[in-house]
Amino acid sequence: MTSPGRRGLGQFYPVLLRHFGQQHWWPAETRWEVVVGAILTQNTAWTNVEKAILNLRRAGALSAPAMEALAEEELARLIRPSGYYNQKAKKLKAFLRFLRLRHGGSLRRMFRIETQQLRRELLAINGIGEETADSILLYGGGHAIFVVDAYTRRILDRHELISAQAPYGEIQQLFQREIPPQAPVYNEFHALLVQVGKHHCLKAAPQCAGCPLEPFPHRESQGVNDGPQRT
DNA sequence: TGCCAGGCCGGGT
DNA sequence: ACCCGGCATGGC
9 MTSPGRRGLG QFYPVLLRHF GQQHWWPAET RWEVVVGAIL TQNTAWTNVE
59 KAILNLRRAG ALSAPAMEAL AEEELARLIR PSGYYNQKAK KLKAFLRFLR
109 LRHGGSLRRM FRIETQQLRR ELLAINGIGE ETADSILLYG GGHAIFVVDA
159 YTRRILDRHE LISAQAPYGE IQQLFQREIP PQAPVYNEFH ALLVQVGKHH
209 CLKAAPQCAG CPLEPFPHRE SQGVNDGPQR T
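Taken in order, the first sequence gives residues 9 to 239; the numbers are from our numbering.
Hints are computed from structural coordinates only; laboratory data are not their basis. Hints may contain errors.
Said to hold, decoys possible - Cβ pair distances, simulated, as ranges:
#1 Leu-62 to Asn-94: 33 to 43 Å
#2 Gly-112 to Pro-22: 34 to 44 Å
#3 Pro-188 to Thr-55: 31 to 41 Å
#4 Ser-171 to Val-193: 23 to 33 Å
#5 Ala-67 to Pro-188: 38 to 48 Å
#6 Arg-26 to Gln-181: 25 to 35 Å
#7 Gln-124 to Ala-36: 21 to 31 Å
#8 Gln-124 to Leu-210: 31 to 41 Å
#9 Ala-102 to Lys-59: 18 to 28 Å
#10 Pro-188 to Thr-52: 28 to 38 Å
#11 Ala-67 to His-207: 27 to 37 Å
#12 Gly-112 to Glu-168: 40 to 50 Å
#13 Pro-188 to His-32: 20 to 30 Å
#14 Glu-222 to Arg-128: 35 to 45 Å
All C-beta atoms, glycine included, are put in the ideal place defined by N, C-alpha and C.
My request is simple: use the sequences and hints to build the entire structure.
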């Protein structure tokens with residue numbers, strides 16, 4: 009009978025889907041935009057990324073060749089609203105160089121590489137860590153790999169399914185063991201977790217009331233101790 | 001006003 | 001193998 013996860017997890021998905029509906033992620037027009045967005049959204053609110061992408065579009069720089077033609081300083085200026093703009097301009101340039109040298113500048117060719125092999129290649133690029141690599145793989149290339157982000161960590165920690173300090177790979181494997189590897193499902197599931205995270209399981213306050221996952225076992229506070237004693 | 005947001009890197013222990 | 005400081009903007 010294969011118990012569905014230790015508790016929840018597998019059961020979260022249908023509940024969230026029913027509550028929020030399809031998310032239609034990643035919010036981008038093209039696969040190249042997915043790559044750009046994945047880098048720009050590192051530790052940054054998506055609304056700021058939207059401003060940066062709008063700047064790029066208005067400058068006609070929202071394609072790989074056009075972006076690569078820009079001076080790094082000019083690219084940094086355009087993506088300024090997304091924060092860390094000097095770092096991120098460098099990262100975009102690093103990805104562009106990788107794409108051109110290693111895959112002839114073609115995302116279609118790049119995404120034909122086997123999942124784990126391509127993942128290693130992406131991680132070797134300076135500025136691409138695990139979450140960014142997996143976002144590109146899943147949302148850009150349709151590879152069946154689960155994306156773990158801060159929301160995912162917080163939600164699983166809140167439900168005591170795994171420690172928030174657990175290594176990325178452990179959390180990822182938890183999902184990939186429980187959920188059969190289908191990209192559309194991984195895509196939707198992660199998008200739904202972000203949706204939950206935006207309204208509940210906040211860093212500052214729990215906000216458990218009204219959460220669709222409220223029926224599942226969880227703790228209200230996030231401290232190691234149970235928060236302030238109520239005496 | 002301070003805290004937060006869909007991380008990652010490099011240097012130090 | 002961890003831990004930390006740095007990177008930066010815009011919204012509430």
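Hints, verified against the model:
no., hint, verdict
1, Leu-62 to Asn-94: 33 to 43 Å, "20 Å, violated"
2, Gly-112 to Pro-22: 34 to 44 Å, "42 Å, holds"
3, Pro-188 to Thr-55: 31 to 41 Å, "34 Å, holds"
4, Ser-171 to Val-193: 23 to 33 Å, "25 Å, holds"
5, Ala-67 to Pro-188: 38 to 48 Å, "42 Å, holds"
6, Arg-26 to Gln-181: 25 to 35 Å, "26 Å, holds"
7, Gln-124 to Ala-36: 21 to 31 Å, "24 Å, holds"
8, Gln-124 to Leu-210: 31 to 41 Å, "34 Å, holds"
9, Ala-102 to Lys-59: 18 to 28 Å, "22 Å, holds"
10, Pro-188 to Thr-52: 28 to 38 Å, "32 Å, holds"
11, Ala-67 to His-207: 27 to 37 Å, "34 Å, holds"
12, Gly-112 to Glu-168: 40 to 50 Å, "47 Å, holds"
13, Pro-188 to His-32: 20 to 30 Å, "22 Å, holds"
14, Glu-222 to Arg-128: 35 to 45 Å, "39 Å, holds"
Consistency note: the structure conflicts with earlier hint 1 alone.
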